[in-house]
Amino acid sequence: GESVGLHLPTLSVQEGDNSIINCAYSNSASDYFIWYKQESGKGPQFIIDIRSNMDKRQGQRVTVLLNKTVKHLSLQIAATQPGDSAVYFCAEIFSGGFKTIFGAGTRLFVKA
Amino acid sequence: DVKVTQSSRYLVKRTGEKVFLECVQDMDHENMFWYRQDPGLGLRLIYFSYDVKMKEKGDIPEGYSVSREKKERFSLILESASTNQTSMYLCASSFKVWEQFFGPGTRLTVL
Chain U
2 GESVGLHLPT LSVQEGDNSI INCAYSNSAS DYFIWYKQES GKGPQFIIDI RSNMDKRQGQ
62 RVTVLLNKTV KHLSLQIAAT QPGDSAVYFC AEIFSGGFKT IFGAGTRLFV KA
Chain V
23 DVKVTQSSRY LVKRTGEKVF LECVQDMDHE NMFWYRQDPG LGLRLIYFSY DVKMKEKGDI
83 PEGYSVSREK KERFSLILES ASTNQTSMYL CASSFKVWEQ FFGPGTRLTV L
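Read top to bottom, the protein sequences are chains U and V. Read left to right, the first sequence gives residues 2 to 113 (the numbering used here). Read left to right, the second sequence gives residues 23 to 133 (the numbering used here).
To be clear, the hints were calculated from the coordinates, so they are not data collected in a lab. Predicted model, so just to flag it, every value in this text is computed and none were measured. C-beta atoms are modelled at their ideal positions from N, C-alpha and C, and glycine is treated no differently. Certain hints may be false.
To be verified - Derived list of chain V stretches under chain U, where covered just means 3 residues or more per stretch with a C-beta under 8 angstroms from a C-beta of chain U: (1) 63 to 77; (2) 125 to 133.
Said to hold, decoys possible - 30 angstroms max Cα-Cα, derived DSSO-like pairs, lysine-lysine: (3) U:Lys72 to V:Lys118; (4) U:Lys100 to V:Lys75; (5) U:Lys72 to V:Lys25.
Unchecked claim - Okay, the calculated beta carbon distance ranges per label pair: (6) U:Thr11 to V:Arg36: 32 to 38 angstroms; (7) V:Thr27 to U:Asp56: 34 to 40 angstroms; (8) U:Gln82 to V:Lys75: 30 to 36 angstroms; (9) U:Gln61 to V:Lys92: 35 to 41 angstroms; (10) U:Thr11 to V:Met49: 30 to 36 angstroms; (11) U:Ser27 to V:Glu101: 31 to 37 angstroms; (12) U:Gln77 to V:Ser29: 35 to 41 angstroms; (13) U:Ala79 to V:Thr108: 34 to 40 angstroms; (14) V:Phe117 to U:Thr11: 32 to 38 angstroms; (15) V:Gly38 to U:Val71: 33 to 39 angstroms; (16) U:Asn54 to V:Leu133: 45 to 51 angstroms; (17) U:Gln61 to V:Pro61: 29 to 35 angstroms; (18) U:Glu16 to V:Lys40: 46 to 52 angstroms.
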């Protein structure tokens with residue numbers, strides 16, 4: 002069935018190191034992928050998106066890579082900071098944007 | 023900035039009670055959504071609305087209904103709350119369907 006999954010439920014990194022959060026998806030007919038960040042007690046916040054016809058997109062300290070061959074999406078956070086501690090979700094959007102499937106989330110811990 | 027507010031952050035109700043969860047957005051967005059979030063399952067879509075008085079079932083609509091009488095307000099209704107509806111409920115709104123802005127969530131406990 003359709004699913005968006007994550008390789009690791011938790012990730013612990015040292016402050017200043019780079020973080021890589023991975024996501025696997027199963028539906029090939031996707032339009033967009035989005036990464037969301039959810040801090041404790043808050044709703045998810047949009048971080049970055051990537052169209053399915055792209056391989057890479059960069060934002061401020063974040064990079065998303067899309068490998069359609071193996072149906073894999075990753076979020077890279079450069080110089081991870083304590084404020085980056087949160088749960089990160091990938092989301093797959095298809096059917097012209099009217100269907101979104103969210104992954105279960107990866108919790109990122111940043112050690113000072 | 024888009025602001026999506028939800029009427030309660032925490033709610034405790036008893037089995038069989040009727041529960042109303044309210045969501046208001048201030049950016050004139052056409053699309054609004056209700057999700058529930060459970061550990062290990064991610065966000066699951068309950069209902070969405072793409073216009074006033076319009077509603078569409080999501081993936082798990084059973085046990086829920088919605089109301090959209092005004093563009094800025096989208097209500098989720100649990101007609102008779104059950105313990106398996108204990109969850110975090112998240113409302114979202116969007117102009118483009120895929121770029122959704124979320125509220126802070128309502129943690130509902132049904133005893």
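Quick rundown of the hints versus the structure:
1. Interface restraint, the region 63 to 77 of chain V with chain U: holds (5 residues with C-beta to C-beta distance below 8 angstroms; minimum three).
2. Figure legend: the region 125 to 133 of chain V, annotated as covered by chain U; annotation consistent (3 residues with Cβ-Cβ distances under 8 angstroms, at least 3 required).
3. Proposed proximity of Lys72 of chain U and Lys118 of chain V is supported: the alpha carbons are some 24 angstroms apart, at most 30 angstroms.
4. Restraint check for Lys100 of chain U and Lys75 of chain V: the C-alpha separation of about 20 angstroms stays at or below 30 angstroms, so the hint holds.
5. Note on Lys72 of chain U and Lys25 of chain V: the hinted pairing is violated, with a Cα-Cα distance of about 34 angstroms set against a maximum of 30 angstroms.
6. Between Thr11 of chain U and Arg36 of chain V the C-beta distance comes to about 35 angstroms, which sits within the given range of 32 to 38 angstroms.
7. A C-beta distance of roughly 38 angstroms is found between Thr27 of chain V and Asp56 of chain U, which places it inside the suggested range of 34 to 40 angstroms.
8. Between Gln82 of chain U and Lys75 of chain V the beta carbon distance is about 45 angstroms. The supplied range of 30 to 36 angstroms is therefore violated.
9. Remark: the range hint 35 to 41 angstroms for Gln61 of chain U to Lys92 of chain V is upheld by a beta-carbon distance near 36 angstroms.
10. At about 34 angstroms, the CB distance of Thr11 of chain U to Met49 of chain V agrees with the hint of 30 to 36 angstroms.
11. Roughly 34 angstroms separates the CB atoms of Ser27 of chain U and Glu101 of chain V, a value that falls within the hinted 31 to 37 angstroms.
12. For Gln77 of chain U and Ser29 of chain V, the Cβ-Cβ distance of about 38 angstroms falls inside the hinted range of 35 to 41 angstroms, so the restraint holds.
13. Here the CB-CB span from Ala79 of chain U to Thr108 of chain V is close to 39 angstroms, well matched to the stated 34 to 40 angstroms.
14. Distance hint check: the CB atoms of Phe117 of chain V and Thr11 of chain U are about 34 angstroms apart, consistent with the given range 32 to 38 angstroms.
15. Separated by about 49 angstroms at the C-beta atoms, Gly38 of chain V and Val71 of chain U break the suggested range of 33 to 39 angstroms.
16. Restraint check, Asn54 of chain U to Leu133 of chain V: a C-beta distance of roughly 50 angstroms satisfies the suggested window 45 to 51 angstroms.
17. Taking 29 to 35 angstroms as the suggested C-beta distance range, the pair Gln61 of chain U and Pro61 of chain V conforms, at roughly 30 angstroms.
18. For the hinted restraint 46 to 52 angstroms between Glu16 of chain U and Lys40 of chain V, the CB-CB distance of approximately 48 angstroms keeps it satisfied.
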